[in-house]
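Using the sequences provided together with the hints, build the complete structure.
Number of protein chains: 2
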Amino acid sequence: MEITDIKNYMQLVGQQARAASRLIAKAETAAKNQALATMAAAIKRNKQILLAANAQDLEHARTKGLEAALIDRLTLTAKGVDSMAEGLLQIAALADPIGEISGLNYRPSGIQVGKMRVPLGVIGIIYEARPNVTADAAGLCLKAGNAAILRGGSEAIHANKAIAACVKEGLNHAGLPESAVQVIETTDRAAVGELITMQDFVDVIVPRGGKGLIERISNEARVPVIKHLHGVCHVYIDKQANIDKALRIAENAKCQRYGTCNTMETLLIHKDIAAKILPELTEIYYLNGVELRGDPAARAIVATIKAASEEDWETEYLAPILSIRIVNDFEQALEHIARYGSQHTDAIVTEDYTQARRFLREVDASSVMINTSTRFADGFEYGLGAEIGISTDKIHARGPVGLEGLTSQKYVVLGDGQIRQ
Amino acid sequence: MEITDIKNYMQLVGQQARAASRLIAKAETAAKNQALATMAAAIKRNKQILLAANAQDLEHARTKGLEAALIDRLTLTAKGVDSMAEGLLQIAALADPIGEISGLNYRPSGIQVGKMRVPLGVIGIIYEARPNVTADAAGLCLKAGNAAILRGGSEAIHANKAIAACVKEGLNHAGLPESAVQVIETTDRAAVGELITMQDFVDVIVPRGGKGLIERISNEARVPVIKHLHGVCHVYIDKQANIDKALRIAENAKCQRYGTCNTMETLLIHKDIAAKILPELTEIYYLNGVELRGDPAARAIVATIKAASEEDWETEYLAPILSIRIVNDFEQALEHIARYGSQHTDAIVTEDYTQARRFLREVDASSVMINTSTRFADGFEYGLGAEIGISTDKIHARGPVGLEGLTSQKYVVLGDGQIRQ
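So the protein lines, in turn, are chains F and L.
Letter by letter, the first sequence follows residues 3 to 423 of this note's numbering.
Letter by letter, the second sequence follows residues 3 to 423 of this note's numbering.
Hints were generated in silico from the structure; no laboratory data involved.
Every value quoted in this text rests on a predicted model; they were computed, and no experiment measured them.
Some hints here could point you the wrong way.
Which copy is meant is left open, so a pair is good if it fits within one copy or across any two.
[What the hints assert, rightly or not] Keeping only pairs whose Cα atoms sit at most 25 Å apart, straight-line, the calculated SDA-like set for lysine to any residue is:
1) 49 - 241
2) 81 - 381
3) 308 - 231
4) 81 - 229
5) 66 - 177
6) 163 - 195
7) 49 - 71
In structure tokens form, the structure reads like this:
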């Protein structure tokens, strides 16, 4: 299909999504779960079709000379197709959040007041490369009772359309409206501009991707955005740290995976413990192939550490590079995190009760940790079952966003003829 | 003070608010409560000064020929000053929401994951006429650990400055930074434009006022907005309604106060019960001086009811006027509410369990009620202690917004050296 009038096309998509959202909001739990199970089965059955569609995208990407990292994210393997299906089954197994009533208490007037969890309505997801997001986002939005409009990267359009067909099969089979999940069929960038400004048809936008994409969307959106910005995560090794735990955590937070937003990018070490721990840490990092960039105090202890520039402290490397700073005290560690951090995830390693308690309260980040690795900042590890992203916003949802972040709560009031005096 | 460079002035206000927010976020509960108590005492002690400042505003308003309703909202009485002080003491008596940790559970990896309630940061409040909002907003923001920037209506500038002096006295006395609550000292409208776009210094905007003000701010803001739009509230009298309850609720929802957003503006009546209830209801409304506008079916039952136009169904009268429609069934009532309602507050009167259960789930509004008056939709009646407004948004906060709506939650993770596998 050739789509020429983008504005008209997107208005139609929006109208259909709004209409579908009303039906999905009151859909029974069993119907939603049946749709998810059928989607999973369709994805498994159509594995070869999905892989062929992905091959088409990959060929296109290579012809256009896209960078290796992007091609890596774009690549769908047979195992990747299986885990997409598995992910949908996991979402089906989660408790239905919709309709849950909490805190229903009697008030002195005699009325009972509580809150009922309800869908947000229509959610627009804008993402790049990874085709598995199409299945994940469709599943999460559906289970949370929302209609979804999915705008994947143009480089993944064939795989996304093939996955969308499986999603539609699931919706149809469960008697739910097909337009509850719509994949934008045009790669024209103007479609994004429409999506993020259709206030009548879209309730929230979730952008997933690079800093550039997210900043552009935040600036231009007229619809609320659940942002996932970059992660400049810190581990602070306090002078009262247990050395063994500090070594384990500092290695894991950096080396377990380099390209994720919850990877440590800056290590802060109290001056009283630095000489004892930094030489051994340096060896561990060098064995892992990590480049170290430090402040003068760090370089005075280990001469092979390169010099860090001011820019290093605010950089999300997403690579085997780590900046290291020796701090004079706890206060200086807090100041550094407040100044250079991105409010994503920060951890302290300490056995000191009072420092731990202060760190927990005073560090302003979506996840604050004591004696564990920043790599745990993840929806699955937190028990949310799945996540649509990690919010660095404070409004609405903060940290890993699962089903609950895709819902709202309305007040419910039960009476027996009470009137207000 | 003459403020000429608005942009510069607002940047300074923003910087000071951001700096203060860091200190207020970690302020002790006792200090916040002491500040609130001292503010209350200062307001009572300076009652004559506040009333004199208000008299100055009122004189100005009359000279400018402002409308009676606005002058009414602007007027501060001795009793009004006392209740401002009382409101601050009530906020002091509420539990401190900040730092509360909930749902701290062990995960299979051995880490414990929970959520800690934290302040939003800097809150900008934009409001009209009523000077008491200055004290209420300052108190709520402070207790929730936020810094506040208050922009009241130019017509109330003298009273607002006088109240601000009492607020500053309270902050000073408790050793908290004065700039934790700043009242904008210029009446230049450009200050609002700056306030709603200072993304670095303001975390959320709460506009309070007419539909025009709120729409303009929503459209121009670059900072998240907690909106309070208009209330086109419905009461639906089902065919299984208890007549006595229906009469009490329908009277109270309309007549207890006319100018509030939770007042019923449209009454829907099932056709099977209309002939039995409408004549008596009409008498009640006429005794209260309420003008009735109905659809043809309503007018066929009571001839003195005026004809309603299409426009009536979507109008928030804020006046002794009520539109009445007779519906064929439950479905038509739901459709009417979905089409014309403003998602504020809607109530059903019924003894039918299944209809009640469906109404609660399917009506999309910030408050949904069974067998009680829409007039209960209020922070104090819901047990929130106080409210900064009633949100008709779905994102972040919905319905009456109290202390909790002015906070966020961060994840806290406690470990004992766990690393991610």
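Evaluated hints:
1. In the homo-oligomer, the alpha carbons of residue 49 and residue 241 never lie at most 25 Å apart, since the shortest distance is 53 Å inside one protomer and 54 Å across protomers.
2. Taking identical chains as interchangeable, the C-alpha atoms of residue 81 and residue 381 lie at most 25 Å apart only when both belong to the same chain, with a minimum of 21 Å there against 52 Å between chains.
3. Proximity of residue 308 to residue 231 under the C-alpha cut-off of 25 Å is found in neither arrangement, the shortest distances being 28 Å within a copy and 56 Å between copies.
4. Taking the closest pair of Cα atoms, residue 81 and residue 229 never come within 25 Å of each other, the shortest separation being 30 Å inside a single copy and 46 Å across copies.
5. For a Cα distance limit of 25 Å, the shortest separation of residue 66 from residue 177 qualifies neither inside one copy, at 41 Å, nor across copies, at 63 Å.
6. In this assembly of identical chains, the alpha carbons of residue 163 and residue 195 lie at most 25 Å apart only when taken from the same copy (21 Å versus 43 Å across copies).
7. For a Cα distance limit of 25 Å, the shortest separation of residue 49 from residue 71 inside one copy, 24 Å, qualifies, whereas the shortest one across copies, 68 Å, does not.
The structure is inconsistent with the numbered hints 1, 3, 4 and 5, although it conforms to all the rest.
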